[in-house]
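Trainee: We have chain A; now place chain B onto it with these hints.
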Amino acid sequence: GENVEQHPSTLSVQEGDSAVIKCTYSDSASNYFPWYKQELGKGPQLIIDIRSNVGEKKDQRIAVTLNKTAKHFSLHITETQPEDSAVYFCAATAPFLTSGTYKYIFGTGTRLKVLA
Amino acid sequence: GAVVSQHPSWVICKSGTSVKIECRSLDFQATTMFWYRQFPKQSLMLMATSNEGSKATYEQGVEKDKFLINHASLTLSTLTVTSAHPEDSSFYICSARRLGQLSSYEQYFGPGTRLTVT
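Quick mapping for you: the protein sequence lines, in order, are chains A and B.
So that you can map any letter, position 89 of the first sequence is 72 in this note's numbering, and since no number is skipped, the others follow by simple counting.
Residues are numbered in this note's numbering as their position in the second sequence, beginning at 1, plus a constant of 88.
Just so you know, the hints here were simulated from the structure itself, not pulled from any lab data.
It cannot be assumed that every hint is accurate.
Claimed, not checked - As a list, the in silico DSS-like pairs of lysine-lysine whose alpha-carbon atoms are at most 25 angstroms apart: (1) K96(A) <-> K102(B); (2) K25(A) <-> K108(B); (3) K5(A) <-> K108(B); (4) K129(B) <-> K20(A); (5) K51(A) <-> K25(A); (6) K102(B) <-> K25(A); (7) K25(A) <-> K129(B).
Remember, it's a predicted structure, so these values are computed and weren't measured experimentally.
Excised from the complex, chain A in its bound form (with noise of 0.2 angstroms):
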């Protein structure tokens, strides 16, 4: 079955700095690709996502790349702000073999800390 990792689990920057978050996946079927961000004690919340036939995209200070090579993709974040310290999870889908629907198999996190 799929397994994504991801790498680093903690990261501090200092604001106006980039941070970079990188995940790697197994199952070569896997064909969407999102990116979430969770606050302390709340729901995870889409912050950009990508489909295995784009290699990048950019939502303002945000982006991904995808490398379906080398089964893996990242979190760009640019001009680092205090307010996108959080948790970042990526997420690579895997079908359910029996429905034909898919379910998301999350990669372990990252705690990003943007220092002021």
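Mentor: Same frame as chain A, but now just chain B:
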């Protein structure tokens, strides 16, 4: 659009009792709802998947008789933790997949329910 709510947001119950958590899609119909459990400083682990009107599909290692899931309508799924024990204390999060978006993989997440069993 695509708002998912959970009720209650937090609950404390005594060991041996049962507790029910509701997950509602407020502005869309959900063909599938997912239930996750998240222990402190850990990732989200899928517990089960429910489709309206049919039995839930549980992930390996999740006791279906302990975690009862009912998906009675296209906007409501419930998770009942039966005979709760302190080790069931966790953050329970649901998500929903929108009906009709056959080519979409998106899941919309609820705000979570903090369960504490004393």
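Trainee: So, for every hint listed, does it hold in this structure?
Mentor: Okay, the hints, checked on the actual structure:
The hinted pair formed by K96(A) and K102(B) fails the criterion: a straight-line CA distance of about 36 angstroms is larger than 25 angstroms. This hinted pair checks out: K25(A) and K108(B) have alpha carbons roughly 19 angstroms apart, not beyond 25 angstroms. Under the criterion of a C-alpha separation no larger than 25 angstroms, the hint pairing K5(A) with K108(B) is inconsistent with the structure, at around 37 angstroms. Among the hinted pairs, K129(B) with K20(A) is consistent with the structure: their alpha-carbon atoms are about 14 angstroms apart, no more than 25 angstroms.
As the CA atoms of K51(A) and K25(A) are separated by approximately 31 angstroms, the hinted pair breaks the 25 angstroms bound. The hinted pair formed by K102(B) and K25(A) meets the criterion: a straight-line CA distance of about 24 angstroms does not exceed 25 angstroms. This hinted pair checks out: K25(A) and K129(B) have alpha carbons roughly 13 angstroms apart, not beyond 25 angstroms.
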